[in-house]
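Trainee: Below, each chain spelled out in residue letters.
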Amino acid sequence: MGDQHSTDAAGESFTAEETQALKTLVEMIIPASQEYGLPSAGDTAIFTDILATARSQQVEVSTALSALDEVSQDCQDGDFGALPLDQDVLAGVAETFRQRHPAEAGLLAAITAQCYYRDDRVMRALDMEARPPHPLGYTLNQGDWSLLDPVRDRPEFFRKTP
Amino acid sequence: MTEQPIDVLIIGAGASGAAVAWSLAETRMRIVCLEQGDMMKPADYPSTGRDWEARGQSDFAISPNQRRLAADYPIAEEDSPIKVANYNGVGGGTVLYAGHFPRFHPSDFRVNSLDGVADDWPIDCATLAPHYAENDRMMGVAGLPGDPAYPGDNVKRMPPLPLGKSGEAIARGFNKLNWHWWPSDTAIATEPYDGRDKCINLGACVSGCAQGAKASTDITYWPHAIRAGVELRTRCRVREITVDADGMATGVIYYDGDGVEQALQAHVVVLACNGVGTPRILLNSKSTAFPDGLANSSGLVGRNLMFHPYASIMGVFDEALDGYKGPGKCIRSQEFYETDAARDFVRGYTFEIHRGFGPVSTALMGLQRGRIPWGVGHHQAFRGLFNRIAGMVAICEDLPEEHNRVTLDPELTDSDGIPAPKISYTLSQNSRKMMDHAIERGSEVLRAAGARDIMTQAPISYGGWHLMGTARMGLDPARSVVNDWGRSHDVKNLFVVDGSIFVTSAGVNPTRTIQALALYIAEQMKQRLANLFD
Ligand SMILES: Cc1cc2nc3c(=O)[nH]c(=O)nc-3n(C[C@H](O)[C@H](O)[C@H](O)COP(=O)(O)OP(=O)(O)OC[C@H]3O[C@@H](n4cnc5c(N)ncnc54)[C@H](O)[C@@H]3O)c2cc1C
Ligand code: SF4
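Going line by line, the protein sequences match chains A and B.
The numbering used here puts the last residue of the first sequence at 162; the count rises by one with no breaks.
The numbering used here puts the last residue of the second sequence at 1534; the count rises by one with no breaks.
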């Protein structure tokens, strides 16, 4: 393992290899899409958010990444971050990782989704306003209350007590 | 310096602790409530930030074992398929609850007489009626009178929550099958109420309502109780209740926010720590007179734990529904609420309709359930689910079984070294059959409503949010922990007012009934002040 670290204010850090493996993985989980005009989860702003979030679960994320490397060594004779960027190769390793380590894979996917779906560009592409729910809130239609008419006409049907 | 004994000491500032504190305040007694958590700051709730969904998995997670805040205590729950959900702070579970607020039915108090299972309650629905009404006034309830599933349902409430697109779609499904549904009663203000603003559809009810529309007791009962003179002390974690030679409670030993041991003496002790926290304190309060824990001569403290096994049935629709907009709740169905001899289980359940999910929850659900792939295809699959999932959960009546219980873990402790609770719980055959039934019927509704794909889960493993039965009420001291007005059979100045005292669980969410019971017990105490300990 190298000695280059990506460090946050609290001093927690991932090695350069861990950072690279994470970046490769998140890009694989959510790739860019030309069709929908969307960045990948490895996009600079999104990945910065992912790294910061991952640091708050440093131990669990590092454990998950070393499990990923183990699988990658097994399948491709190399650490995940050092593999060629061939989608089929990466997808194959990722699939084995999910099968062998579902909890660890689930953690990394959850962090990826949490950060991806709060990015301004992603939210706008989903027709969402890029803002938190509070204080503006949202509008909700009342809906068609006449749907209740048949239920109103129904006789009381609760059970009588002795 | 030792404090002078106070009149009434309440442990726990959640749903029931707040109600009992407010009600007793009019006596002008010196009342202190000790709460292990903090006062809430709604301006810091997740919905005020872009990371609102992520915080629902961290500092606002519903599992204390995941949240792990200073106020939380760990729970050993490996021996339970259903994990505890709670919140430890002023407001207790109501800080995170969804605010679905149905009442019990008269039949819910008479399960043994009607179905020959479990026990009847020592009180009935009519006894609680005025207290339901008083609690509704304090909390603020939205809904619609006239539900044929309830007798004489004519109480005026605030207007119900909007049906929205999701409620409308699912209501159509129920109508096609000719099955009952009704707008849910909710503890959510749909118009300004008691100084609180109305719901603006943030959709984040289960991580705290920053708008103040959802009735959590930190913003309903507590401001009134504090103004009326009740003292609320936060960051005070009770270890045990102390007793004297006559077997009367003398007060508590607790740890303050700095972890320093303190003692507080009181003439009356009221437990309001919920169906897990209350038996934990009682079992931790061992003495020569009470070697098996306090108030436990029946051996039933911690036993008969009921959760409400939940089944989740979600449909994927072609058209866009409400998604993340609006409170999760809107309508309910009690078509399958009462026992039907034609079915292979007794008792029944309520369908609580769920409006939809935010983008992160949608992605996680899709990834976990194989509906969204990793890699190519992610975006298309996500779009097929986002704003297109709605469905229901079935709240199944859980029958009391003595082997389902809270004990003390021999090793696990909280940060103050107090032994932690351990949950041992198995799902009964009755519950399994009921959940299977709910999944079949719920799927029928969703298909009738137009869903093209259905995702189910039973039980919801993280769904132990209703904690009941572990210090049950009853007339027979050998078969119950407290009497018919909440006083311990064994310790005449000790009361329990939280969900622990439930005899049976009904097939509805419990909080409205927990609070009505707390007000009823407070009323009994006030009426008997002159001879409270006789
Ligand atoms: C995510 C979620 C959703 C829910 N949705 C609904 C719903 O829609 N409808 C519904 O009816 N119910 C719902 N509930 C359940 C509801 O929150 C509870 O029924 C209700 O809060 C229980 O009230 P209680 O007074 O028994 O205990 P709680 O409200 O849990 O209060 C107990 C209090 O005691 C304190 N305490 C415990 N031990 C100690 C100690 N040793 N020392 C000092 N203080 C202590 C705790 O910190 C806590 O504040 C939900 C709960 C959750 C978590
Ligand atoms: S939806 Fe309504 S009740 Fe729920 S958090 Fe938002 S404002 Fe509060």
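Take these hints with a grain of salt, some might be off.
Derived EDC-like pairs: lysine to aspartate or glutamate, alpha-carbon spacing no greater than 16 Å straight-line [claimed, not checked]: (1) A:160 to B:1115; (2) B:1286 to B:1246; (3) A:160 to B:1153; (4) B:1176 to B:1444; (5) B:1176 to A:149; (6) A:160 to B:1261; (7) B:1156 to B:1191; (8) B:1492 to B:1007; (9) A:160 to B:1344; (10) B:1433 to B:1344; (11) A:160 to B:1338; (12) B:1492 to B:1120; (13) A:23 to A:86; (14) B:1526 to B:1191; (15) A:160 to B:1340; (16) B:1433 to B:1340.
Derived list of chain A stretches under chain B, where covered just means 3 residues or more per stretch with a C-beta under 8 Å from a C-beta of chain B [unchecked claim]: (17) 58–71; (18) 75–83; (19) 107–116.
To be clear, the hints were calculated from the coordinates, so they are not data collected in a lab.
We treat Cβ as the ideally placed atom computed from N, Cα and C, and that holds for glycine.
Trainee: Starting from the hint list further up, note which numbers the structure goes against and sort them upward.
Mentor: Checked against the structure, the hints that fail are numbers 6, 9, 12, 14, 17, 18, while the rest are satisfied.
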